[in-house]
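Undergrad: Each chain is listed here by its residues.
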Amino acid sequence: MLSCRQIYELITEYDDGGLSTSDRRGFESHVVICPPCRGFVSQMRVARRRVGDASAPALPPELEDSIVDAFRTWKQQG
Amino acid sequence: MTSTGSRAAHALSEVSADRDLLARLRAGDEAAFRGLLADLGPAMLRVAGLHARDGEVAAEIVQETWVAVLRSLDRFEGRSSLRTWVFTILANCARRRAKSEARSAPFSSVGDSAGEENELDRFFAANHQRWASCWTTINTRWEALPEDALSTSEADAAMTDTLKSLPPNQAVVLALRDIEGWSPDEVCTLLQMTAGNQRVLLHRARLAARRALEPTLEGRSARC
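Residue numbers (the numbering used here), protein chains in the order written: chain A, 1 to 78; chain B, 79 to 302.
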């Protein structure tokens with residue numbers, strides 16, 4: 001039986017499908033019966049979603065302009 | 079998790095989208111180029127920032143990469159995705175630059191683990207008679223919270239501060255995996271790191287993201 005601390009340590013590997021079949025089963029059967037681990041798994045899912053929602057900062061406009069200029073020069077050179 | 083079938087279908091549609099895009103780029107379609115730049119540029123700047131001493135150098139690396147991409151565009155054979163190809167050129171430009179400035183490789187270690195050490199207080203000791211390695215905290219289910227509770231200005235600010243203060247290698251792995259949607263293999267190849275290192279960096283970064291939300295969301299959960 002995995003401990004709560006192992007669930008904490010293995011969750012990313014679990015999510016990436018990296019655990020062996022027996023560890024995967026152990027992970028799932030622990031989480032089913034352990035409310036604090038169910039809470040932790042839920043919290044990690046929310047955190048991932050919130051990170052995913054964070055928009056990537058756009059390129060600084062002067063950098064974008066200068067790259068688009070490089071494209072125009074390339075195009076002219078054919 | 080994505081099934082193998084739908085992943086293959088996705089890869090196929092990516093190849094076909096790449097082919098269309100490539101044709102437009104080669105024909106000098108500026109709108110297509112701007113679209114690609116908007117898609118890839120922010121992540122490129124993040125990756126370049128890992129190798130550069132400051133933002134100015136990172137911007138130069140990104141600029142240099144696009145010049146190299148345009149110069150080689152006619153020779154690109156589509157053996158990898160367009161995105162992978164652009165990032166491979168970026169990584170080469172960044173490494174060359176780092177070498178010329180005699181900077182050490184950014185991924186020599188998995189970095190600071192101070193935050194994680196603190197979290198070990200959240201568990202009873204491994205030799206505890208009754209609660210060995212169990213949580214000392216309750217951990218409420220945040221997914222049960224309404225959407226407006228999850229996205230308060232406090233939670234947003236805490237998340238932004240945390241993402242900014244992550245060690246750079248954790249920040250890049252987190253951004254590529256959880257914002258840009260890259261696979262673990264793609265990240266390992268680009269950043270030349272082992273699967274184990276990639277996972278440790280991602281794990282620490284995700285734990286930090288969770289910790290950032292805790293002060294606001296645990297308070298709300300308790301009131302629900």
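A hint or two may mislead.
Below, a sample of chain B positions facing chain A; criterion: calculated Cβ distance under 7 Å [as the list claims (entries may be wrong)]:
| id | residue |
| --- | --- |
| 1 | Phe111 |
| 2 | Glu221 |
| 3 | Arg277 |
FYI, nobody ran anything at the bench for these hints, they're computed from the structure. Cβ coordinates follow ideal geometry from the N, Cα and C atoms, glycine included.
Undergrad: Now, for every hint given, state plainly whether the structure supports it.
TA: The hints, checked one at a time:
no.: 1; hint: Phe111; in the structure: holds (5 Å)
no.: 2; hint: Glu221; in the structure: holds (4 Å)
no.: 3; hint: Arg277; in the structure: holds (6 Å)
No hint from the list above goes unmet by this structure.
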